[in-house]
Amino acid sequence: MKYADEFRDKEIALGLAKAIRAAADPQKHYRFMEFCGGHTHAISRYGLEDMLPKNVRMIHGPGCPVCVLPAGRIDMAIRLAERPDVILCVYGDLMRVPGSPGASLLKAKARGADIRMVYSTIDAIRIAEDNPGREVVFFAIGFETTTPPTAVMIRLAEKKQLENFTVFCNHVLTPPAMQNILESPDIRNVGRVEIDGFVGPAHVSTIIGTAPYEFFAEEFGKPVVIAGFEPLDMMQAILMLVRQVNEDRHEVENQYSRAVNRDGNLRAKEEVSDIFELRDQFEWRGLGQVPYSGLKLKRVYAIYDAEVRFDMHELRVDDNPACECGAILRGVKKPVDCKLFGTVCTPETPMGSCMVSSEGACAAHWTYGRFRDHQQRRVS
Amino acid sequence: MKAYQRKLDIRNGCVDLSHGSGGRAMAQLISGLFHEAFGNEWLARGNDQSAFDVGAGRMVMTTDGYVVSPLFFPGGNIGSLAVHGTVNDIAVAGARPLYLSASFIIEEGFRFADLKMIAESMGEAARTAGVHIVTGDTKVVERGKADGLFISTAGVGVVPHGLDLSAENARVGDRVLISGTLGDHGVAIMSKRQNLAFETEIVSDSAALNDLVAKMVEAGGRGIRLMRDPTRGGLAATLNEIAQQSDLGFHLREEAIPVKPGVAAACELLGLDPLHVANEGKLVAIVAPENAAAVLAAMRAHPLGRDAADIGEAVADDHHFVQMATSFGGGRIVDWLSGEQLPRIC
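First to last, the sequence lines map onto chains A and B. For the first sequence, the numbering used here begins at 1 and goes up steadily by one. For the second sequence, the numbering used here begins at 1001 and goes up steadily by one.
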């Protein structure tokens, strides 16, 4: 497949693996967090762990928007969808995300709520046009990458003067979450593992550019390498991080220069800042409340804000107390350290955020990597 | 005297509730449309059932419901699929499929022209596969109750004495053979979904595999431990199922697994794994190592097995993992599909 196979070449991969082995100091430990679920998926899907030396360990971060959506927001959406006048439009991967125990959009749909799976924001607009007598709500979710399409959709709704269309906004931001992982008060409860560097987001960075990470690298003294989602991108980024650690540097480097520049997509950023503003705080499943990490619609666009139109109130649902997602997301624990992993918590019946989507740390390990647990056990 | 006062208006007419009520309209639909398309001596006798001889061997029986959406897709329609699917379920037992039943649940308002096209595809698929549709049923339901048309087919066939293909026959060291490229059917269907339409040259692989199976059995005999057709859930589901039933694991090589570039590209775009995508004209065979080369050669000599490949082997594994060496150089599990990615694919 052109433009994809070039970034999955085995020979180049073996060369990079060799270079990483040569560069990694056997006396040192290298613990790198890949923030994005896309990276977690690539690591697991291509078996990258098998190609890294033992002292280079990848910690899977919270960068999967579906995974970190708190159960309360799902409950809010379910409550909304149960109104007979509402059609709720969602992306398919949200359907199985657990709300409060036993609840999900999939189950609500089975019970009769009008929930429709869409593949793009345009589909939701079309549904609103086709159903003038109903209230059509789009469940907006995602990091900086998916926020511009939501902004464009609101512009389109404005242009078409659609009065039956609103957005339930759950857009979140990457840099505040990265910061939270290193300095949140929760760390006292879950302990911490030193993170020696970050593989920075791919698609998110095409929008926001590399500049937002500069403060982060400087302030926390951690190297950041922005990397693409292909496995060779990952291997090269890991090599770049190893070299930064060896040379005691903490800079923002851009491995994904074929798509990312320093300033990002100015037009997209402008659209987003026209329509959205920061929430004081937003809850992340597994991380808790993270200050200034979520977006909401500005007051001038309140007519498109489902939370305003339907007077929605914040719902809180506590995570299962045995769930170790918080510690796993910070690299303190591994999926197998959680009592729920693979017992009551599986991709079919996820309990915690890390098991929700295939980009979550636990789901990726369960789906692609759990054979290694047994290999290790057999050896020891 | 004419049996019916007016001919069925195939071009402009459509099914209404009277076509399911047991009256003259139903009789006319059955004889004018279905018998016409399936044409055989058993149907011509017009009994409530059909009687036939099956010859020596053990009988094989299977049934399947078809609810695919859309009804027409590149490479086939619900009718041809309803024949191929049931024929293949019989064939992978190493059996010769013989007779099918076909039951139709039709929504009122369904166009005769579409129904005729579907029935004719069924007739043609049956003739190509060498089977006869010998009994059937027609029901009509109100608008909105059946999304156009559902078809259910059942089939019987005969497997020679001594041939008993089943998962418990698999042994450590057996080879895993597949008959061709994976994911064609699923991608062809998806490309026509209303809210997902994308341009692709991929057509469904929907086909009857009984002739291919006959050639394989000829070449491999009892060296063939079992065969399955990897439909919903794709190759991943089929191999996981076999691993559990046979108390083994599998080791696959990703590089050896044939996937068309167009299918790979569509899967890339939609975030799917071709190993999870449905096939309707492919089979996977677990074959004793000493017979694998002969069976593979027989597959490749057949038009439906041109791209056949040896993709891995059965291994001892208490956990029944299907593992794969990725083409990138690492290892991974090939797990069951979780969740409902592609409803109503067949």
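In case anyone wonders, no lab produced these hints; they're calculated from the structure. Keep in mind that the hints are not guaranteed to be accurate.
Claimed, not checked - Simulated pairs of lysine-lysine, DSSO-like, Cα-Cα distance not exceeding 27 Å:
1) A/Lys-298 - A/Lys-159
2) A/Lys-107 - A/Lys-54
3) A/Lys-160 - A/Lys-18
4) A/Lys-10 - A/Lys-159
5) A/Lys-339 - A/Lys-28
6) A/Lys-10 - B/Lys-1260
7) A/Lys-54 - A/Lys-18
8) A/Lys-2 - B/Lys-1007
9) B/Lys-1116 - B/Lys-1192
10) A/Lys-107 - B/Lys-1116
11) A/Lys-339 - A/Lys-107
12) A/Lys-18 - A/Lys-2
13) A/Lys-109 - B/Lys-1192
14) B/Lys-1260 - B/Lys-1215
15) B/Lys-1145 - B/Lys-1215
16) B/Lys-1116 - A/Lys-2
17) B/Lys-1116 - A/Lys-109
18) A/Lys-28 - A/Lys-54
Hints versus structure:
no. : hint                    : result
1   : A/Lys-298 - A/Lys-159   : holds (17 Å)
2   : A/Lys-107 - A/Lys-54    : violated (43 Å)
3   : A/Lys-160 - A/Lys-18    : violated (57 Å)
4   : A/Lys-10 - A/Lys-159    : violated (49 Å)
5   : A/Lys-339 - A/Lys-28    : violated (30 Å)
6   : A/Lys-10 - B/Lys-1260   : holds (20 Å)
7   : A/Lys-54 - A/Lys-18     : holds (13 Å)
8   : A/Lys-2 - B/Lys-1007    : violated (55 Å)
9   : B/Lys-1116 - B/Lys-1192 : holds (21 Å)
10  : A/Lys-107 - B/Lys-1116  : violated (38 Å)
11  : A/Lys-339 - A/Lys-107   : holds (26 Å)
12  : A/Lys-18 - A/Lys-2      : holds (26 Å)
13  : A/Lys-109 - B/Lys-1192  : holds (24 Å)
14  : B/Lys-1260 - B/Lys-1215 : holds (25 Å)
15  : B/Lys-1145 - B/Lys-1215 : violated (43 Å)
16  : B/Lys-1116 - A/Lys-2    : violated (42 Å)
17  : B/Lys-1116 - A/Lys-109  : violated (35 Å)
18  : A/Lys-28 - A/Lys-54     : holds (11 Å)
Violation of the numbered hints given earlier is confined to hints 2, 3, 4, 5, 8, 10, 15, 16 and 17; the remaining hints are satisfied by the structure.
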